[in-house]
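> In case you want the letters, here they are:
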Amino acid sequence: MVTLTTDFGLHDHYVGAMKGVILSVNPEARLVDICHSVQSFDVLDGALTIAQTYHYFPSDTIHVVVVDPGVGSERRPLLVTTEKHIFVAPDNGVLSLVYERETRISVRHITSAHYFLQPVSATFHGRDVFARVAGYLSKGVEVAKFGEEINDYVRFAAPKPKAINERMLRGVVLKVDKFGNVVTNITPNDAAALFGPQAPPFKLMVGSAEVTRMSRSYSEGAPGEPFAILGSMGFLEVAVNRGSAAQVLSAKKGTEVGLILEQALGTAG
Amino acid sequence: MVTLTTDFGLHDHYVGAMKGVILSVNPEARLVDICHSVQSFDVLDGALTIAQTYHYFPSDTIHVVVVDPGVGSERRPLLVTTEKHIFVAPDNGVLSLVYERETRISVRHITSAHYFLQPVSATFHGRDVFARVAGYLSKGVEVAKFGEEINDYVRFAAPKPKAINERMLRGVVLKVDKFGNVVTNITPNDAAALFGPQAPPFKLMVGSAEVTRMSRSYSEGAPGEPFAILGSMGFLEVAVNRGSAAQVLSAKKGTEVGLILEQALGTAG
Amino acid sequence: MVTLTTDFGLHDHYVGAMKGVILSVNPEARLVDICHSVQSFDVLDGALTIAQTYHYFPSDTIHVVVVDPGVGSERRPLLVTTEKHIFVAPDNGVLSLVYERETRISVRHITSAHYFLQPVSATFHGRDVFARVAGYLSKGVEVAKFGEEINDYVRFAAPKPKAINERMLRGVVLKVDKFGNVVTNITPNDAAALFGPQAPPFKLMVGSAEVTRMSRSYSEGAPGEPFAILGSMGFLEVAVNRGSAAQVLSAKKGTEVGLILEQALGTAG
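Protein sequences, first through last, are from chains A, B and C.
Note that the working numbering has the first sequence beginning at 1, numbered continuously upward.
Note that the working numbering has the second sequence beginning at 1, numbered continuously upward.
Note that the working numbering has the third sequence beginning at 1, numbered continuously upward.
Careful: at least some of the hints might be erroneous.
As the list makes no split between identical chains, a pair holds if one copy fits it or if it spans any two.
As the list claims (entries may be wrong) - Subject to a maximum C-alpha distance of 20 Å in a straight line, what follows is the list of computed SDA-like cross-link-like pairs (lysine to any residue): (1) K139 / P58; (2) K145 / K253; (3) K139 / R30; (4) K178 / S219; (5) K178 / S244; (6) K84 / L117; (7) K178 / G9.
None of these hints come from the bench; they were simulated from the model.
Just so you know, these numbers come straight off a predicted model, no measurement behind them.
One chain only, chain A, in its complex shape (with noise of 0.2 Å):
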């Protein structure tokens, strides 16, 4: 089982060219689109949206993640094996959510050139590079004939909300979804006392608005009115009941985010 996400989008020939090369090395391949509109160029959608995923699939699945604003440059590919999957990605960062994630990793720099598909272009490793080497590895082709395994692998960390003082938080929108629901970077190890059974009162100031309200389903709100969440992501988001908080709010991805409660925020760091 092989799957795909990419930065590619629906609009172009890219990804049906990935899946021609992985399933002429391996025409038994069994292929899974993830997600394929990760934001052009963005490594850290991708990150979120891979470590989103990935752990719900079977032991030995291989992931191919390619978002890689730098393909033709320097910047090596690899391939990383966790306890139950395989990762085949740009040395980007772009599995810095997986590692994150796992304990035991092991990552490889793909040296073996063989197994590309030749000539290699400049401009589209994810079919002559991480599309080939994912058909080879479905085959069984043993990992350690990639290449060998390296430390200095880039990694970044997530953005982390920071405490102002005990009872005040700033953190950052994240992402933005479909259904235009805010998803902040703030967790329950943020603010703990925000989580519990009894959230107590407090201010979220998102974009142009001031959020008082914590509901535990989507649907329990007046239209238009935004209230907080927490979303099936682990963080705390910003939604309105059948409607768009992105809208009501005037926030997107990179807005800031305030929290204030009127007691401890009880973080777990």
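Place chains B and C on chain A using the hints.
Same frame as chain A, but now just chains B and C:
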């Protein structure tokens, strides 16, 4: 075989997470994407999408339909079997047009929580409930194991056109498709005369335009000229040859439609 | 294995219906989506998409290509076989670039209506004709059973750049991809000198900009600076590092392109 129809869109990780969950339960499951771009929260749009497709699939296909604005509320998760197909969906009417089309249906309230992904989130039952149940169904778990039959499930009637008199009908635009074709809710049952071998003189008023010509194919029309046509969904459409009728007419979902014939409509009802 | 390339988009039920029809004929068929976002009615865009992908797939893959503005008219449905691949498509030139690339082709007019879904609609041959025929082909039905060979099928030449003199070329933008890369119709055959190890001084005029730098990879460029590059499709592109060249240049499909070299172009023709 498991098909997926949702309003989760293709820009986020949601669909990928659902696929992972199904494949973790049953790595042999064959997944088929029907559509993930149902309009957000739009249960009627979801109902139209699944009703236009499920019956083309082989017997025993499992259809997962998640358009679920009430996720996390008291709305029930359903397991529906018809003569040839199996559905899992929220109890909000999204299967109404399936109920309408089928003569023998059995509807169960899914209550066996040990088939759910624990802990069940309040915001993503597509992943935690529906995908997981579909995985077990695809492994052959009997439908009776998931919960008891019920009769008070939610169903709605699709909006039907109204006869104003024996020559006039008032309808509505059900949807605009990717090409800009304007799909009304008028069928041959509502105005048989219009769809005979030779359409009688008629006026179809939609948005800013009055359409007076019936065509048999999309390609019979001058550039920019809107015409009426019986579309593949079984509804009267307005189209423009190689153009967007919706743009030409300034019509969209919900726009009122008026039909006047020079003779009796010939309604079946 | 059956691939799908259409202009049906992902917002409607059309693609789902096609998949259902194929799988009903042959539940063992393995479906691969190449692209469903070919520009509406744009046969050249469809031709580029399939030509850039089909040859990466294994031998005997069946490619269903439906960009079909003439559906319901007299245009013929075709079954095309090349040395390694099989295609079903309307006879409107959408396979022109396949014909151009292949030396041995056989083109048949599909006439055996008992392989169609009856009654055949006048508006959705993707479902009623092409998908169904692909289903039977994937079950091993011989190509000769579908209809007779023909020679007068429609084919067009992709727009080629014109040499104004031995140092000047006039071309056109073929497409803008998801990243905003501006793909021209200029290839190394048209201006070999430009693609040598050391590009000679040149001016490439596209939209509002004059590009004078050649790059080997997308990542070599200052923010906002457009540069020329040989793209993975084999065409000269204009790109911007982590940005949209189309936006910077105000260029789109059909925009004229002028290339002036300080030395002879070195055209292959």
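> Failing hints, ascending?
2
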